[in-house]
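Peer 1: Work out the full structure, taking the sequences as your base and the hints as a guide.
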Amino acid sequence: MSDVVLEIRDLRVEFPELGRSVQAVRGCGFGVRYGEVLGLIGESGCGKSVTALACLGLVPPPGRVHGSIIVDGEEVIGASRKALADLRGGKVAMIFQNPGKALNPFFTVGRQMTDVIRVHRPVDRSGARDLAIEALELVRLPDPRVVLGKYPHQLSGGQLQRVMVAMAVSCDPLILIADEPTTALDVTIQGQIIVLIRDLAQSRGLTVLFITHDQGVVASLCDRVAVMYAGRIVEMGSSDVLFNRPAHPYTRKLMLTAPRLGRGKTDLDVIPGQVPDMRAPPEGCAFHTRCSHALELCRKVSPLTETLDGDHTVSCHRAKELV
Amino acid sequence: MTDQAHLAGADRALLTAANLSKLYSTRHGVIQAVDDVSFVISRGETVALVGESGCGKSTVALTLLRLIDRDGGTVVFDGRDLDQLTPREANAMRRQLSIVFQNPYASLNPRMRVRDIVGEPIHTTSGVSRGEREERITRHLLSVGLGPEHMDRFPHEFSGGQRQRIAVARALALEPRLLILDEPTAALDVSVQAQVLNLLRELQMSKGLSYLYISHDLATVECIADRVLVMYLGRIVETGPVSDVFTHPAHPYTRALLDSIPVPDPSQRERLQPLRGEVPSPLNPPSGCVFHPRCSRASSRCLQASPTLESFGNGRSAACFHDLIKEQ
Numbered sequence: 076m077s078d079v080v081l082e083i084r085d086l087r088v089e090f091p092e093l094g095r096s097v098q099a100v101r102g103c104g105f106g107v108r109y110g111e112v113l114g115l116i117g118e119s120g121c122g123k124s125v126t127a128l129a130c131l132g133l134v135p136p137p138g139r140v141h142g143s144i145i146v147d148g149e150e151v152i153g154a155s156r157k158a159l160a161d162l163r164g165g166k167v168a169m170i171f172q173n174p175g176k177a178l179n180p181f182f183t184v185g186r187q188m189t190d191v192i193r194v195h196r197p198v199d200r201s202g203a204r205d206l207a208i209e210a211l212e213l214v215r216l217p218d219p220r221v222v223l224g225k226y227p228h229q230l231s232g233g234q235l236q237r238v239m240v241a242m243a244v245s246c247d248p249l250i251l252i253a254d255e256p257t258t259a260l261d262v263t264i265q266g267q268i269i270v271l272i273r274d275l276a277q278s279r280g281l282t283v284l285f286i287t288h289d290q291g292v293v294a295s296l297c298d299r300v301a302v303m304y305a306g307r308i309v310e311m312g313s314s315d316v317l318f319n320r321p322a323h324p325y326t327r328k329l330m331l332t333a334p335r336l337g338r339g340k341t342d343l344d345v346i347p348g349q350v351p352d353m354r355a356p357p358e359g360c361a362f363h364t365r366c367s368h369a370l371e372l373c374r375k376v377s378p379l380t381e382t383l384d385g386d387h388t389v390s391c392h393r394a395k396e397l398v
Numbered sequence: 066m067t068d069q070a071h072l073a074g075a076d077r078a079l080l081t082a083a084n085l086s087k088l089y090s091t092r093h094g095v096i097q098a099v100d101d102v103s104f105v106i107s108r109g110e111t112v113a114l115v116g117e118s119g120c121g122k123s124t125v126a127l128t129l130l131r132l133i134d135r136d137g138g139t140v141v142f143d144g145r146d147l148d149q150l151t152p153r154e155a156n157a158m159r160r161q162l163s164i165v166f167q168n169p170y171a172s173l174n175p176r177m178r179v180r181d182i183v184g185e186p187i188h189t190t191s192g193v194s195r196g197e198r199e200e201r202i203t204r205h206l207l208s209v210g211l212g213p214e215h216m217d218r219f220p221h222e223f224s225g226g227q228r229q230r231i232a233v234a235r236a237l238a239l240e241p242r243l244l245i246l247d248e249p250t251a252a253l254d255v256s257v258q259a260q261v262l263n264l265l266r267e268l269q270m271s272k273g274l275s276y277l278y279i280s281h282d283l284a285t286v287e288c289i290a291d292r293v294l295v296m297y298l299g300r301i302v303e304t305g306p307v308s309d310v311f312t313h314p315a316h317p318y319t320r321a322l323l324d325s326i327p328v329p330d331p332s333q334r335e336r337l338q339p340l341r342g343e344v345p346s347p348l349n350p351p352s353g354c355v356f357h358p359r360c361s362r363a364s365s366r367c368l369q370a371s372p373t374l375e376s377f378g379n380g381r382s383a384a385c386f387h388d389l390i391k392e393q
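Line by line, the protein sequences give chains A and G.
Under the numbering used here, think of the first position of the first sequence as 76, with each following residue one higher.
Under the numbering used here, think of the first position of the second sequence as 66, with each following residue one higher.
Heads up, some of the hints might be wrong.
[As the list claims (entries may be wrong)] Using 27 Å as the maximum straight-line C-alpha spacing, the simulated DSSO-like pairs for lysine-lysine come out as follows:
id, chain 1, residue 1, chain 2, residue 2
1, G, K272, A, K340
2, A, K375, A, K328
3, A, K340, G, K391
4, A, K225, A, K176
5, A, K328, A, K340
6, A, K157, A, K176
Bear in mind the hints are in silico, worked out from the structure with no lab data behind them.
Everything numeric in this text was worked out from a predicted model, so none of it was measured.
Peer 2: As structure tokens, then:
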């Protein structure tokens, strides 16, 4: 699998607490291929953000990380500080949900952008400034020179998220990890950011790992989708397959909860129950507590990942009979 | 409720807001946050108020509740002008209006137990006995799907969806007739959003509540609202029954909002047509039609004159010089 630029194998992340530790990620594994946009979707608390942080070696203490994450042939878990410094922002860039909190309010956009660029690229101050302007043009911010002189509070949420994207791509990373970058934005601005990321992926061959809980955003942006539940990937496949022929009962339910226009004033489908408490995740298949197809087997034995066809994989005892 | 019922007579109106306006003076000048906004909410009806951040939709909500003072216009609730009330009457009237805020992580006091969060409004407004209060708290919690075992817990012990249920229970504590829902699901997951929206629909049917539902997400508006008001830069640009407005929008802004919703279907990916640009600064609004800098149809007329909200039948009206419906 030489076309895989980011590979996660059996990732486990725990946060020790006074009583039982929180098992945020429990054996998550998937690969992201060169130039694709992979959507990582799941409910709050399923471990998707922690997985993303682990890819940059950013899991906050006292979190303990086990398993393997290979970015462009190099292991991230247990890597040296020097190696991590090169990785962050250089090979892998990340943008966050709230762009207002991700920028330092005391420095201008220009100062923050050029600082990042000078860490990763062999340029002087004016060279860095040119690269920053180039990056701001790339994300289609009008008047990039003016934007460089602004402080974060002088820009709107949509403009700030564009600045974040510009900062992320300014060092020419292999991979962009986007952690719910549109959740805090208006629908209109969300659409603009989706189109922007789609264009960047196409024109620059940027690999994107896009984390969201919004099915609409995934459908309009991602080539492939990985569905995460209680710290594991339960299903993965192309967007077409996952939206039209989902195999896992959780994916099926999740797809139905999204409101879509044209249905009129009706009740929405819901997934009964709650996301499990990750201090004591259910035995067997973690979804069995909310699944209408659960058998005795599902309560006891955790299902293995099976390949259905092509690159469509699923972890469910009953996937084949339910399809 | 259908639109016919809405047209059947003004006596069904629970709340009538006429020519609301709100000005904010800032260091840099005066902002007209709400400009000549009028609408009616009938009994048992859900009216949605939609628009981007900063268009004034939350300001409208706050003026209705008199959490901020308005600078012009009248609000008639249940046949009585809110400005003509004595302070005592105004207080009684306030119990009939309530609000659920956007972020249940910020709107619930982290140091109060659920029992006190829901019980506080009952305690401060009515002299009911302790037993009666407990009984009411239990009933309200039950109606939002929470049990007595949750009463003594703190907000941090609940998920986002459950917190929003607590906020709804608090809003219902005084048995209001009109509930203002200010983006009640914007901070929640899509799967949890569905649960909360279903709950709100259920409560409306069982209690005969009226809702003013504020949102920027038109997909959720469709599954909860009867009529919709589309707001842009402090003004209403289109109104009408949800099904008509969403299938045949009359204002280019409504069309643009509809086209910015990502559809959960990969084959319809190309339909996502985000609106260009951002909401202009209300300190320095554009000339003529305030939407013209972002509008695909703007003509020279739109740059000079500001269109007024014109009614064109079937309970619909729009403020645009172009006839989008005829063009379709």
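Peer 1: If a hint holds in the structure, say so; if it does not, say that too.
Peer 2: Hint check results:
1. G:K272 - A:K340: It holds: about 18 Å lies between the C-alpha atoms, which stays within 27 Å.
2. A:K375 - A:K328: Holds. K375 (chain A) to K328 (chain A) sits at ~22 Å (cutoff 27 Å).
3. A:K340 - G:K391: holds, 26 Å
4. A:K225 - A:K176: holds, 16 Å
5. A:K328 - A:K340: holds, 20 Å
6. A:K157 - A:K176: Between K157 (chain A) and K176 (chain A) the Cα gap is close to 26 Å, so the pair holds against 27 Å.
When the structure is compared with the earlier hints, no violation turns up for any of them.
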